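Student: Residues per chain are reported as follows:
There are 2 protein chains.
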Amino acid sequence: MYKAKAYSAASATSPLASDTIARRAPTEHDVQIEILFCGICHSDLHSVRDEWGGTVYPIVPGHEIVGRVTQVGSAVTKYKPGDLAAIGCMVDSDHTCPRCKAGFEQFCQNVIYTYNSPDKYKTAPVTYGGYSDSIVADERFVLRVPDNLELAGVAPLLCAGITTYSPLRHWGVTEGKKVGVVGLGGLGHMGVKFAHAFRAHVVVFTTSPEKTEDALRLGADEVVVSRNADEMQRHAGSFDFILDTVSAKHDINAYLNLLCPDGNITLVGAPEKPLDVAAFSLIMGRRSLSGSNIGGIPETQEMLDFCGKHNITADVEVISIQKVNEAYERLLKSDVKYRFVIDMASFKSQ
Amino acid sequence: MYKAKAYSAASATSPLASDTIARRAPTEHDVQIEILFCGICHSDLHSVRDEWGGTVYPIVPGHEIVGRVTQVGSAVTKYKPGDLAAIGCMVDSDHTCPRCKAGFEQFCQNVIYTYNSPDKYKTAPVTYGGYSDSIVADERFVLRVPDNLELAGVAPLLCAGITTYSPLRHWGVTEGKKVGVVGLGGLGHMGVKFAHAFRAHVVVFTTSPEKTEDALRLGADEVVVSRNADEMQRHAGSFDFILDTVSAKHDINAYLNLLCPDGNITLVGAPEKPLDVAAFSLIMGRRSLSGSNIGGIPETQEMLDFCGKHNITADVEVISIQKVNEAYERLLKSDVKYRFVIDMASFKSQ
Numbered sequence: 001m002y003k004a005k006a007y008s009a010a011s012a013t014s015p016l017a018s019d020t021i022a023r024r025a026p027t028e029h030d031v032q033i034e035i036l037f038c039g040i041c042h043s044d045l046h047s048v049r050d051e052w053g054g055t056v057y058p059i060v061p062g063h064e065i066v067g068r069v070t071q072v073g074s075a076v077t078k079y080k081p082g083d084l085a086a087i088g089c090m091v092d093s094d095h096t097c098p099r100c101k102a103g104f105e106q107f108c109q110n111v112i113y114t115y116n117s118p119d120k121y122k123t124a125p126v127t128y129g130g131y132s133d134s135i136v137a138d139e140r141f142v143l144r145v146p147d148n149l150e151l152a153g154v155a156p157l158l159c160a161g162i163t164t165y166s167p168l169r170h171w172g173v174t175e176g177k178k179v180g181v182v183g184l185g186g187l188g189h190m191g192v193k194f195a196h197a198f199r200a201h202v203v204v205f206t207t208s209p210e211k212t213e214d215a216l217r218l219g220a221d222e223v224v225v226s227r228n229a230d231e232m233q234r235h236a237g238s239f240d241f242i243l244d245t246v247s248a249k250h251d252i253n254a255y256l257n258l259l260c261p262d263g264n265i266t267l268v269g270a271p272e273k274p275l276d277v278a279a280f281s282l283i284m285g286r287r288s289l290s291g292s293n294i295g296g297i298p299e300t301q302e303m304l305d306f307c308g309k310h311n312i313t314a315d316v317e318v319i320s321i322q323k324v325n326e327a328y329e330r331l332l333k334s335d336v337k338y339r340f341v342i343d344m345a346s347f348k349s350q
Numbered sequence: 001m002y003k004a005k006a007y008s009a010a011s012a013t014s015p016l017a018s019d020t021i022a023r024r025a026p027t028e029h030d031v032q033i034e035i036l037f038c039g040i041c042h043s044d045l046h047s048v049r050d051e052w053g054g055t056v057y058p059i060v061p062g063h064e065i066v067g068r069v070t071q072v073g074s075a076v077t078k079y080k081p082g083d084l085a086a087i088g089c090m091v092d093s094d095h096t097c098p099r100c101k102a103g104f105e106q107f108c109q110n111v112i113y114t115y116n117s118p119d120k121y122k123t124a125p126v127t128y129g130g131y132s133d134s135i136v137a138d139e140r141f142v143l144r145v146p147d148n149l150e151l152a153g154v155a156p157l158l159c160a161g162i163t164t165y166s167p168l169r170h171w172g173v174t175e176g177k178k179v180g181v182v183g184l185g186g187l188g189h190m191g192v193k194f195a196h197a198f199r200a201h202v203v204v205f206t207t208s209p210e211k212t213e214d215a216l217r218l219g220a221d222e223v224v225v226s227r228n229a230d231e232m233q234r235h236a237g238s239f240d241f242i243l244d245t246v247s248a249k250h251d252i253n254a255y256l257n258l259l260c261p262d263g264n265i266t267l268v269g270a271p272e273k274p275l276d277v278a279a280f281s282l283i284m285g286r287r288s289l290s291g292s293n294i295g296g297i298p299e300t301q302e303m304l305d306f307c308g309k310h311n312i313t314a315d316v317e318v319i320s321i322q323k324v325n326e327a328y329e330r331l332l333k334s335d336v337k338y339r340f341v342i343d344m345a346s347f348k349s350q
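From first to last, the protein sequence lines stand for chains S and L.
For the first sequence, position 123 matches number 123 in the working numbering, and the numbering has no gaps at all.
For the second sequence, position 12 matches number 12 in the working numbering, and the numbering has no gaps at all.
So here's chain S without its partners, still in its complex pose (with noise of 0.2 Å):
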């Protein structure tokens, strides 16, 4: 065991606060890894402010992970120290379900979380995600980063990345087809830049229009502001495939209306309140609503790999650890273009 700097809350009505926390020494098949860069995400609030339930205090968020690997394990292959590498929202999983063994370790029914899951190494009474200086985990949930990438707009795509890689792909978008894109926030940019790059026919949908210049220079090829009836209207039918990251309780009626005959809509914001869904929306060309939860390891790394290959890193906000509760108000307020990105250096400034 090792001492690593980090950020926790000790309960769910407390700042996040500087402390120290144990991680593990490497086992053989771990990596050790000195954190660069880890992105903030929303359910980093709603877990640190026990809004969904079962939080575990005091607790370390944090699941945008990329850092360089400082330590490796004997029975490591795939790293060395000096990579560049990543960890997303998984840390562990059983290895031996049929889910793990295709590939969708996000469906295993043991998959350990990066924060807030039980730790079988017994480190702690929970894991401790990116908030930090350092972690390990076991070499089968560290990702390659491409060296080509700013590395600060790389921490996002581990979780808001493969969120909306994962459902664009698994629902065919390519070339011709017309896809949509609601809600332009920290996973909608990264949708845009993924069906742009898939060399879809884009539309954002947004509430407000003074979003339409950065939608346009995100890749999309149309902007719709989705209160206008009229201008929702004009493209009933015609939608291939709408993805939807609003996390507020929305009209989905309405963009079902807009899908044609065996189109989807796939939900990856979570609306707290239930989504009123009229059948006959669904019932009328066999259109379907979906859900998506971030992708597996090997989609993950795909989906690196495609960043790499496409130069496509997130927009973000870098912010030192000493400024995230004041991210945190300003997260509430969708005050970011478009995701935080905590930079690590700034421990070493406490």
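Just to be clear, a hint being listed does not mean it is correct.
Note that the list lumps identical chains together, so a pair holds whenever it fits in one copy or between two copies.
[Stated by the list, open to error] Computed cross-link-like contacts, SDA-like style, restricted to lysine to any residue with a CA-CA straight-line distance of at most 20 Å:
| # | residue 1 | residue 2 |
| --- | --- | --- |
| 1 | 177 | 102 |
| 2 | 309 | 126 |
| 3 | 273 | 283 |
| 4 | 273 | 250 |
| 5 | 249 | 283 |
| 6 | 101 | 176 |
| 7 | 348 | 22 |
| 8 | 273 | 254 |
| 9 | 249 | 275 |
| 10 | 249 | 273 |
It is worth saying that the hints were derived from the structure and are not from the lab.
Being a predicted model, the structure only gives us computed values, none of them experimental.
Given the coordinates of chain S, assemble chain L onto it according to the supplied hints.
Tutor: Relative to the frame of chain S, chain L by itself:
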């Protein structure tokens, strides 16, 4: 033009009553059919009472039509007088759009339904359905009927049959899959028969424990009383596919939570009120909620051929046309096992 006997409703509050309607003389591509049996679908009742809006009166409902060819146009190649033949929910489409060309006439924007659609031949303001002793339709919308099946039980295959067959096929129900059927009425009992014939493990969900015996007789492997939360919980995360035939509002999340990763629920009943869908139920496990409505002509023929091969028909209660209003009242109370079918021979006793 010629005159046919029919039962029509004169207004949303009128009972169905004996009438005489005009049918066109068969054109060169047309097939004239003596209707022997016509099933009663819940849509008929909704349309007669204008519960979905848009009904043009008088209305002659009926889209589960089976009979015998009496005359064919000069260009007709697939049928000759004396052949068994059937007509379902559609009698025409534009034949030129990509959806028609792909065999998905049900998605054609110019589809002509069997009743209450504009009549392009101007024989009447709208098309008239199967509560009649005769009908004329383009041979491309006429279906072949296997000659080994009991004809009264064939009629409901044209709507209840294809409506359940199509989504089971679309979502890949085969041997080794665990399939749920929610509700055991006209649609549900066909869903059970098909899922069983596809060699899936079939679980019927019902609120009525007294339906257990019948469900098992129809082909179910298990019956779950959906009000029993413990019984439901035992099946959590285990279903590949669930066919939901319930047309009243119900708790769809209880069923979404029974799906395994990538599992799908397809709605074929159409609750009037929106369903409350919890986004998390979809997001965890990449589940999806879809709808489906009938099927294309090629798939409807495939379904009839499958029924011939596997000796599948609907379980029906045969009534005279004079009893149709009484049947509607019983339908509202779900007092039928499992589909009413009108025997058109009863026209002759008028």
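Student: Now, for every hint given, state plainly whether the structure supports it.
Tutor: Hint check results:
1. 177 to 102: between (28 Å within a copy, 18 Å between copies)
2. 309 to 126: neither (36 Å within a copy, 58 Å between copies)
3. 273 to 283: Between copies only: 14 Å across, 23 Å inside.
4. 273 to 250: Both ways: residue 273 and residue 250 sit 10 Å apart in one copy and 17 Å across, limit 20 Å.
5. 249 to 283: Answer is between; shortest inter-copy Cα gap is 15 Å, intra-copy 22 Å.
6. 101 to 176: between (33 Å within a copy, 19 Å between copies)
7. 348 to 22: This pair counts as within: shortest intra-copy Cα distance 18 Å, inter-copy 89 Å.
8. 273 to 254: both (17 Å within a copy, 16 Å between copies)
9. 249 to 275: Cα proximity of residue 249 and residue 275: in one copy and across copies (6 Å, 14 Å).
10. 249 to 273: Answer is both: 6 Å inside a copy and 18 Å across each meet the 20 Å cutoff.
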